[in-house]
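Visitor: The residues making up each chain are set out below.
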Amino acid sequence: AGGEGSNTADGSESGDTEPLTADGSSTVYPITSQAGSLWNGNAPASDEEYWGPGQYGIDTDKNMADYWAGLYGFEPSGEEGTPPFFTSIGLNHTGVGLEKLENGQVDIGDASAPVSAEFPDRSEEELSSFTDHVVAVDAQPVVVSSEIYEAGVTELTLTDIQDIYQGRTTNWSELGGPDRDIQAIGRAEGSGTDTSFRANVLGDPDASMSGVDSRRGQNQQVKTDIDNADNAIAYIALAFVDDSTPAIDLEIDGELFEYPDDFGSLDYPLSRALHTYTWDGTSNKEAAFIRMLLSDYGQQMFVETADYLPLTDERRQEELDKLPEPSN
Amino acid sequence: MSYTAESELVVDNTSTAERLASAVVGLGLVTFVFSLVGVTQVVTAETTILGISLYDFLAGGLLLMGVGTVSLGIGSRTGVFNTSPDATPGAVTAALFGLGAFALAGLVASQSLGLGTVGWLLGATLVGGVTFAGVALAPEDIGSTLPPGVAAIGVAVAILAGIITPAFAWEPEGFSATLTGSMAIPLLLAASTLVTMWGGAKAYEGYGSKGRQTAAYLLVGINAVSIIAVLVALLLFIASKGIGPAFEGFSLVPFEWPFVTNGYSFRPEVVNGVFPAIMGTIWLVIGAVITGVPVAVAAAIFLTEYAEQGRFVGAVEIATNGLWSTPSVVYGLFGYAFLIPRLGGTTSLISGMLVLGFMLMPLCLITSREAIKAVPDEYRDASAALGVSRWETIRSVVLPAAMPGILTGVILGVGRIAGETAPILLVMAGGLRDDAPNVLGSFEFISSPPFVANDALLESAPALPYQLYATITAGVSAENAAAFGWATAFVLLVVVLSFYALGIASRLYFRRRLNA
Amino acid sequence: MTELPLFDLETRLGRLSDVDRDIGSLAAGGAGCLFATFVLFVLNSTLAVIPLIGFLAVTGYGWYAHQAETARALTFLATASTILILGLITVYVFVEALPVLQRMGVRLFGFTEPVEVFGVTLIPSVESYWSTSQHVYSLIPMIWGTFVTTLIATAIAAPLGIAAALFLAEIAPPLVRETVKPGVEILAGIPSIVYGYLGFVVLNTFLYENLEMANLGSLFLVGLVIGLMALPTVVSVADDALTSVPDAMRDGAVAMGLTEWQTMKSITLPAALSGVSAAVLLGIGRAVGETMAATVILGHSQVLPDPLQDVFDNTETLTSLIASQYGNANGLHMNALFTAGVVLFVTVLVLSIAARRIELRMDRKLGGGQ
Amino acid sequence: MTDTSSLGANAPTDTTVAENADRPQTTDRHEDTPDSWTDYAFEGEPKLSVDGLDVHYGSDQALDDISIEIPEQSVTALIGPSGCGKSTFLRCLNRMNDRIRAAEVDGTVTFEGQDIYQDGLDLVELRKRVGMVFQAPNPFPKSIRDNIAYGPRKHGTVQTDLLAKLTGRDDSDQEDEIVERSLRQAAIWEEVNDRLDDNALGLSGGQQQRLCIARCLAVDPEVILMDEPASALDPIATAKIEDLIEELAEEYTVVIVTHNMQQAARISDQTAVFLTGGRLVEYGETDQVFENPKSQRVEDYITGKFG
Amino acid sequence: MTDTSSLGANAPTDTTVAENADRPQTTDRHEDTPDSWTDYAFEGEPKLSVDGLDVHYGSDQALDDISIEIPEQSVTALIGPSGCGKSTFLRCLNRMNDRIRAAEVDGTVTFEGQDIYQDGLDLVELRKRVGMVFQAPNPFPKSIRDNIAYGPRKHGTVQTDLLAKLTGRDDSDQEDEIVERSLRQAAIWEEVNDRLDDNALGLSGGQQQRLCIARCLAVDPEVILMDEPASALDPIATAKIEDLIEELAEEYTVVIVTHNMQQAARISDQTAVFLTGGRLVEYGETDQVFENPKSQRVEDYITGKFG
Ligand SMILES: Nc1ncnc2c1ncn2[C@@H]1O[C@H](COP(=O)(O)OP(=O)(O)OP(=O)(O)O)[C@@H](O)[C@H]1O
Ligand SMILES: Nc1ncnc2c1ncn2[C@@H]1O[C@H](COP(=O)(O)OP(=O)(O)OP(=O)(O)O)[C@@H](O)[C@H]1O
Ligand SMILES: [Mg+2]
Ligand SMILES: [Mg+2]
Ligand SMILES: O=P([O-])([O-])[O-]
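For the protein sequence lines, the chains are E, W, G, V and X, in the order given.
Heads up, the final residue of the first sequence is numbered 328 in the working numbering, and it's a clean run with no missing numbers.
Heads up, the final residue of the second sequence is numbered 516 in the working numbering, and it's a clean run with no missing numbers.
Heads up, the final residue of the third sequence is numbered 370 in the working numbering, and it's a clean run with no missing numbers.
Heads up, the final residue of the fourth sequence is numbered 307 in the working numbering, and it's a clean run with no missing numbers.
Heads up, the final residue of the fifth sequence is numbered 307 in the working numbering, and it's a clean run with no missing numbers.
Keep in mind that a hint or two might mislead.
One-sided and incomplete, this derived list gives chain X residues near chain W with beta-carbon spacing under 10 Å [as the list claims (entries may be wrong)]:
| no. | residue |
| --- | --- |
| 1 | I116 |
| 2 | I236 |
| 3 | N260 |
Between beta-carbon pairs, the in silico distance windows are [what the hints assert, rightly or not]:
| no. | chain 1 | residue 1 | chain 2 | residue 2 | range |
| --- | --- | --- | --- | --- | --- |
| 4 | W | E308 | G | D247 | 32 to 38 Å |
| 5 | X | L162 | E | E174 | 50 to 56 Å |
| 6 | X | D161 | W | G51 | 48 to 54 Å |
| 7 | X | F42 | W | V150 | 42 to 48 Å |
| 8 | W | V452 | G | F147 | 45 to 51 Å |
| 9 | G | S128 | W | L104 | 37 to 43 Å |
Derived by calculation from the structure, the hints in this document are not laboratory data.
Even for Gly, the Cβ is constructed at its ideal location relative to N, Cα and C.
Given these sequences and hints, build the entire structure.
Guide: If you want it as structure tokens, here you go:
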């Protein structure tokens, strides 16, 4: 039931109850998967924990998915566990998600880098069918094994990181840490996180990364490695930072960005937008789901709980304006 | 003491030497088991026995073994023990000891004494050569007890005297790994125990060809038992990790088994399960059997019943062997390049079925061909002599008689493909959270070719092995993901190994019935 | 007794030709339909279903009217399909690899230094081994990784496996043998992803901690796991080879006053050598083609270990390259993955043919006495 | 059948041996007795007649210019040392040799006057009418009933499959009749009638062999070829089979290969002696062949000087 | 060895048969002749002596209370119908029965006065001294030379491996000597001396069998057990083996199982006759046993009434 990819914005498909499918970025995954699973749960309005519309200034007694889908004319089911249409969220990389979107295999392509950076060879024209929706902001942190952090490496300069990933620094002792080889972990080439890391830190999406010791497919795997190792460094999505994978402070051009306080700042050079692309405009089904993500409810419930930064009100309004108008 | 033409026909075997040798071997077995467990760090240097550190304890045992073995050799040489050793322990033994000495001397020279390449090579060659010559020229009793005895005493002393402690660390040049004391001690203990036991076992039989046999049996037996033990421990480990989560919320009355009947929901209050993956695997197997088995059996019939040995059959044999040995990931690539563009342009259940069917085909072809070949010609002759045509004979005599063998092959083949991940990675994928494919309910007639459509077949579907892979990529650090993974691994193991067990049991059963 | 004429030349010949004509046209029709189906399917046309229906109809009628001939034709088709499938695999994997094969040429096996013999450059250098952004693809690190893991796996599985097979086939008491042998065969069925999971979750960290390694994941561990994985297969196949040595040979040696061990070493094992080496080659084939364990355990970096012999470093194998990169590959990058497939396919094919040759040769050499 | 029990080769009988010893001892009398036995005359048309039959396996000659005529409703025994081509000859009579790739057959064999090696011959029909019983009992791994009914079912004589039942053409009764009659003829009915649905492999060797004879009879052949049908059996089972063969000869034409000369002497009406090289050296009435062989080599063979 | 060529069981000789026919025909005379043949007296100590030997395979009794003494440097033939336990008996003499799981042996067998079934017996040593040649030739898949030298090398009689060469103890000459002597003794030297390095599997059946005998001789045993060593061979090869056995008896003690009574009569000094049920019914000088058997059953057997 992968959508045909030829969704139009005219709302004529309101009767389409095929599942909404999304795939792509492991960075965006925590947001969309949580949203998708609660959507499928279709909690009643009385469910304070997962829906409770009153808390977000929404006046309705409909179930969760019934409400958001209802905005675009989908018939409410009124039953918990049965949304007007189901969602199915896959886990991959940005590149895969965008490709599947292009091939019509999914309705939404999750992306942690803009499509222009993922497909640098293509002209703007060729990319025009990708319809961009930014739903959250990630301030990509650099994390190290907790042993390294505890040994005192809590702060690095941008140059240090470039040196590590380009193979010029290979031992923690050179950076004031213990005498241990550095295990530089990277993400798979073609992942949004890798693309934006190269662009933001190494200065070019195609920059060489000869210092990488291993590459992993998803943020989740990277986190497992950092957990298990005692000499690793990695770049990861904000959602994956915790005590076992501490983020270090970054000094960039003499300015120190401390985790977590300064990471939300717009100046933080490694911050990036998280996208949910649709193909060739936005269908009602897609709009219903994305509108939910952009709402207060969505930003608090999915973006903040995943430890990402919500959009500013201004930017949010901009994004909401891109969506088709609700039909009721 | 070399070979005598008229050696005793009956030898009195109960002697001090025999008792001493049994003690060495017995002590060795215990030490070996503990050392092996020590390698897995289940027991460590901190483990104590009677207040003594485990490793000191084991080293003490090893010391005794070493002394015992040396005494056995000297006792035999001086005639205290009645033995019949050969003139020499043989070139192989000498070479192995020489090699060991070469390696050891090389390590000491390069790592401890810090000699350069030329230095350590020279030293090592010298020590190795002398050892080789010494062992080769020594009488068998001395040559096969002194070196292991001395090695054992050396290792034991090194451990007892604290030369090698858990804190020991040796980073070999050019390797990004370090041999730590916690690994080195049990490994050294295990290795020297094995060699010493070998010497002891030889002495037990009074050397000679019987001594060599007993010693060899000891090592070969330990090897076999260890292999089985490791593999079984592996299964038990997975079971111990997986049974708990797999049976979470299990109840018999009313029957509930959420892990097997639920899907994956991410909702904290619901037990996540693998029902969709089980269904997916079932459909995959059904599809693969439908595509692969009839073709395989038909080809096997043609090859055994109709074809004359010749070019064509030769080519088919090469093709079958080629298909049989083609790596599964190459099947995946083939499916990606050939099937996907022709079957909806996306990863799909049907592509998975076909690719696994292609993989299943050579497996079943080979076993079916064997099974049909094994049908005695007498049956064919008898049928022909009754004036029954060839095809009728195949249908009503040959195939029924070959059926058990064919079936066994199919079951084993299915077991193999049910656990395959690599091919479906490229052609089917399927997410953690996909629903169970509803193949039967999705058939539709349409007006344009191909006239029948089935969305469920053209979509990705989850499958057990892929699910396990997805669990790994989705991050084992996520909450409960590890438990979910173990449980999935356990269920996958149960499914696949059941197929194997069934196949092997049926083969044994039919073989036995045939022989009876 | 009804006196059926054995044959009656005139009527029978007449009928025969009728039947012949019927069968001939059926065969032609069926073959035509099937061919059309295949061509249309390859051309990616849904119209393929129309000749397919035709084929099924012809087959159905044939089955009803001329079962024996139809059955024979169908079994022939099935047999021919083995060649067809192998052909399709070869063609499609090669065709997909072609763009990169053309682009890279011998540099597909290029090092970062040019390979020179007497000043003649055989293989020009590559800037880096694997760069998807510059579209430079050299398989050298992957080939090295596959080679090393296979070597380690074989070094474990071959000697230990053969020794265990000797134990099972020749030494173990019958009761032990009859219970352990099926057990070993069952163990051969443990799916590789399960080993992978174990490797990723448990072994990776275990080795990392206890060998104080620089990285999680290593060629060494992959080799170890694949070796363990291949063990039951090697044991089981080698055991079959040993048990098939006729008892008469063993009896001959034992009756001369040789110990069982001497008999095993110098008679049974040499006599079973073809089967035993087939077992080992089988194990090697498995190791070369093993995907999931390598993919899951290795950290994927497409460079040669530094220094080269450092088996505790991460590299890539041919299989894990495909499995770890197919997901985000497109265009030339995807074609490059197919080149890895080509190398794998050819290697394993050569191994399998070699195994067969060895087996035939040995059988011919030993065949006389059995 | 004449009483030939005293003709066992080992039992010292009358003065045959002494007489023979007086005859001139040509080392190879074969050359001068090639056709003496074709004189063997019997009443009526031959059921099978063989003329100038040569068989080669690749370059080995297994049969060398055999000509012989076999009368109806009698037992013809073929004897000779191992490897002399007895089995090969037998298999030529119902073209079972076609199933051996290497075998090349020249010459003519006629069955009721029809050449069975000509083109267009219906092999299936031939084998229906010239049945065969093999050396080792080879029942199908099916029930006793299915074994017997196999031939008739496949030939469409009886129809008992599901389709037949559905269309109301069930011939079960007729099938039961055939099964009983065949088993009775093969003298095994009493032993198995209460377990017709048991697997035939559960029978003893002798029972299996009689079952195979019954299976052959169920197809209602005219000639029965038997290749050492008793060689795998114990004496008691052998005796039963021998009795059976004598009975069968009242209705069928039986050709039997045996390596046991006493057996040939006991049960056969005429005997053909083959010697190494695939040559037929003597053929005639059994009494005649055993008591007064024309060829020295046959005599040597019969008295156990070689073989 | 006495001339026994006229004693062939099939050849009508003197009036033995007639005489026997006059004797009272007790259906089972076994009971009253159990020990008569143990009276068989010979000079010197027995090489092998068997007392009260019983062998069971599971619940089947293969040998029933066998007692017999075998003299040195002679040929002892064991004859009897198929399945009577000849092979089983032979395998008891060098404990090859130990290799058959189901076999259970009771009673005593002594070799030069030593009980070979006692604990602590060196099986390897026993089999070195009591060699065996099997029914089907079973050469090792090695060169002819390696086949012969195999035993001496493994027993350390000759040392020709690399180590020995390095340490200057090369016994190649001695090995060559052993190879030649053994092959000569087995009457095959002439046929193979120019291709000692060819694979032994390339030899003909008869040559292979003689090679196996040579292989056995190379170990220099005292007793040679042979289980139907000529049954797989053609008459010419058989004749060679028979000659060889007669020669061997000058030096070795030979015990041979055969199903061919003429063979037993031709080559053996004493003959033991086993009958079904694993009973030894007659044992004595070969002439005596063939010409004047004490038991009616043996006579029936020898004259071919059964078996
Ligand atoms: N299938 C075959 N391929 C090649 N040669 C064969 C084949 N069958 C028989 N022969 C050869 O043909 C000759 C005659 O064989 P045949 O089986 O007819 O002899 P036989 O008289 O039946 O012997 P036996 O008494 O041993 O059964 C023999 O030399 C035999 O080796
Ligand atoms: N390995 C065995 N397992 C079970 N029973 C056996 C085994 N070997 C022989 N027997 C049985 O023991 C009895 C004697 O067998 P043995 O082989 O000694 O007879 P034989 O006199 O050598 O016969 P033949 O002349 O056929 O070789 C037979 O009934 C046989 O079935
Ligand atoms: Mg025959
Ligand atoms: Mg025997
Ligand atoms: O967000 P990514 O998974 O593409 O890095």
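Visitor: Does each hint fit the structure? Answer for all of them.
Guide: So, going through the hints one by one against the coordinates:
1. I116: 8 Å, holds
2. I236: This interface hint is violated because 32 Å lies over the 10 Å limit.
3. N260: 29 Å, violated
4. E308(W) to D247(G): 32 to 38 Å: Distance hint for E308(W), D247(G) holds at roughly 34 Å.
5. L162(X) to E174(E): 50 to 56 Å: For L162(X) and E174(E) the Cβ distance comes to about 55 Å; the hint holds.
6. D161(X) to G51(W): 48 to 54 Å: Holds, at about 52 Å.
7. F42(X) to V150(W): 42 to 48 Å: 59 Å, violated
8. V452(W) to F147(G): 45 to 51 Å: 48 Å, holds
9. S128(G) to L104(W): 37 to 43 Å: 41 Å, holds
Hint check: violations occur at hints 2, 3 and 7; the rest are consistent with the structure.
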